[in-house]
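Chain A is fixed; fit chain B onto it per the hints.
The residues making up each chain are set out below.
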Amino acid sequence: MRALVWNGVNDLAVETVRDPSIVNPHDVVLDVTLTVTCGSDLHFIDGYLPGMRRGDVFGHEFMGVVVEAGPEVRNVRVGDRVVVPSFIGCGECFYCRNDMWSLCDTTNPNAPLQQPVLGFPSGGIYGYTHPFGGYAGSHAEFIRVPFADVNCFPVPEGISDAQALFTSDAAPTGFMGADFCDITPGDTVAVFGAGAVGLMAAAGAKLMGAERVIVVDRLDERLELARTHLGAETIDYSDTDSVQEALRESTGGRGPDAVVEAVGMEGHGTGVQEVYDRAKQALRMETDRATPLREAILACRKGGVVSVLGVYGLTDKFPTGVVLNKGLTIRSAQQHGQRYVPKLLQHIADGELDTGFLATHEMPLEDAVRGYEMFKEKQDGCLRAVFRP
Amino acid sequence: MDVTQKAREVVSSAVGAASRVLPGNRGGAGAARQTLTISRSAEDVLAAWRDPLVVSRLLGDLGRAEADGERWTFTLTAGQGATVEAEPVSTTAGVEFRRPGPGAGQGQARDAEDDTEGGRTGPEGSGGAVLLRVGTRPAPRDLGTEVTCEVAPEFSAGVGAVPFTLLYRLRALLLTGEIPTLRPNPSAREEER
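First to last, the protein sequences are chains A and B.
Take 1 as the starting number for the first sequence in my numbering and just add one per residue.
Take 1 as the starting number for the second sequence in my numbering and just add one per residue.
These aren't lab readings, by the way, just hints derived from the structure by calculation.
A virtual CB, placed ideally from N, CA and C, is assigned to each residue, including glycine.
A hint or two may mislead.
[As the list claims (entries may be wrong)] Chain B side only, calculated, beta carbon under 7 Å to chain A, not exhaustive:
#, residue
1, Trp72
2, Leu175
3, Asn185
4, Pro186
[Stated by the list, open to error] Derived DEER-like restraints, expressed as beta-carbon distance ranges:
#, chain 1, residue 1, chain 2, residue 2, range
5, B, Asp51, A, Ala279, 52 to 60 Å
6, A, Arg53, B, Gly60, 15 to 23 Å
7, B, Pro153, A, Asp99, 48 to 56 Å
8, A, Asn75, B, Thr77, 32 to 40 Å
9, A, Asn98, B, Arg50, 29 to 37 Å
10, A, Gln346, B, Asp68, 36 to 44 Å
11, A, Lys378, B, Asp51, 49 to 57 Å
12, B, Arg50, A, Val323, 44 to 52 Å
Here chain A stands alone, though its shape is the one from the complex (with noise of 0.2 Å):
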């Protein structure tokens, strides 16, 4: 089959690589009609995080249809067209039967390369560096889904691949960031990161019922899509002194009752602080630029929810003091997807929430890197290049 795979940093390719099959008897195999690119993949692209091997094929945001099921999967069946969250879960181990799907015990087969990193395994995920489970990714034609069971959402008739493509990630992620703010009605909440992350997040705290929300980024095209898909309030923190004081002053004062950061280890700054981030970052002396993390953390009201939803490896400079100073609530993770995708395919299909916005451009598999090279540079307005094997 033809897959993108990552041969090194900055170097990409369309190769033919091997189909997949069945593994282990809970399996399936998908043919991928929808696959999509993903912030975080930038990381390893640019090699801040370690991890990838040459001839990797990754991706993680996918859709398709069953064309081929293990012995022992019983939910699922060959035709279905599924949604798959991007971690991997098995459905029987403590964390995946308390709905938190990205922390599972069992589905990383590489768990011990980051037992000495994290002091507890991840979950596997598709696409995603050997320590996250080295799984083949979803750029491809074709994909093994592991735990077919708990791990394939069928798409209801009426919702479009489009719409559907996005409760694979960057929706049930978003949706996890509000859902960690504890919104109540007329709270205030700030999303720092217009992209679909940070937009998806967006749509769930309106839906959550926040009162305003407001999102920061420099980009203008996607601060309108903030307005216009949203009905957010926007801050281009490129056109501002101090985002700091604009969130304080539009909120009497008192700042954003939650913060949802959703930028990650590359975030862009200004001044000082941002050169100093860059420098270091570029010698390898730390792993993240995370002015968007510190921001987040002094914007947000005292005793409020700092919701951290972006990709970060081992930050310095962490505001510890702020933090402890201000009460702040720290509320993290990688995307526990399962629990949410029925609930956003049903506000989909309620006409309640939007996700076909995100897909900005599409194009065949074989232009793969034409696209991660749009999405990277965001040239052309590129929000999220869409892929169709």
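Just chain B now, kept in the frame of chain A:
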């Protein structure tokens, strides 16, 4: 204090700090012993360790186990195919695979100490006779069984990850019936095309 002296102190301090956190120096990542909680009974856990086919699946890339009656043969990858003979010996709440020699073949480990909760603590190494030791004790709050695994250096040059690997695979197998695996796994590497 001159600059050179200060620099020496800083370097010495950094080296000291590094040495304290290196694997094996604190009994952490480098230790050849690991405990995981598995939400299954001790009987299920120990039955797995009594089955050479299951033990071979747990070993995976680390080697394989075969049994001829009570005499087991471990073929370990780290030993480049060398075999190690061992005999399973029951303890109060576990099993030890002991190499032939004094004390082996008694059916019950003589150097095991029972703790107050029905679990087991044992002296390190037992004179080097123990190749692999598995102990169990009840986990609190109905979480199942706390399973401790210790392995001898023959399993790997860097044995720290081996007990964790074995227990992670055991937990996966007992909970799901599967051990997560990547073979075969599509990639553009020559060996996997």
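For which of the previously enumerated hints does the structure constitute a violation, in increasing order of number? 1, 7 and 10
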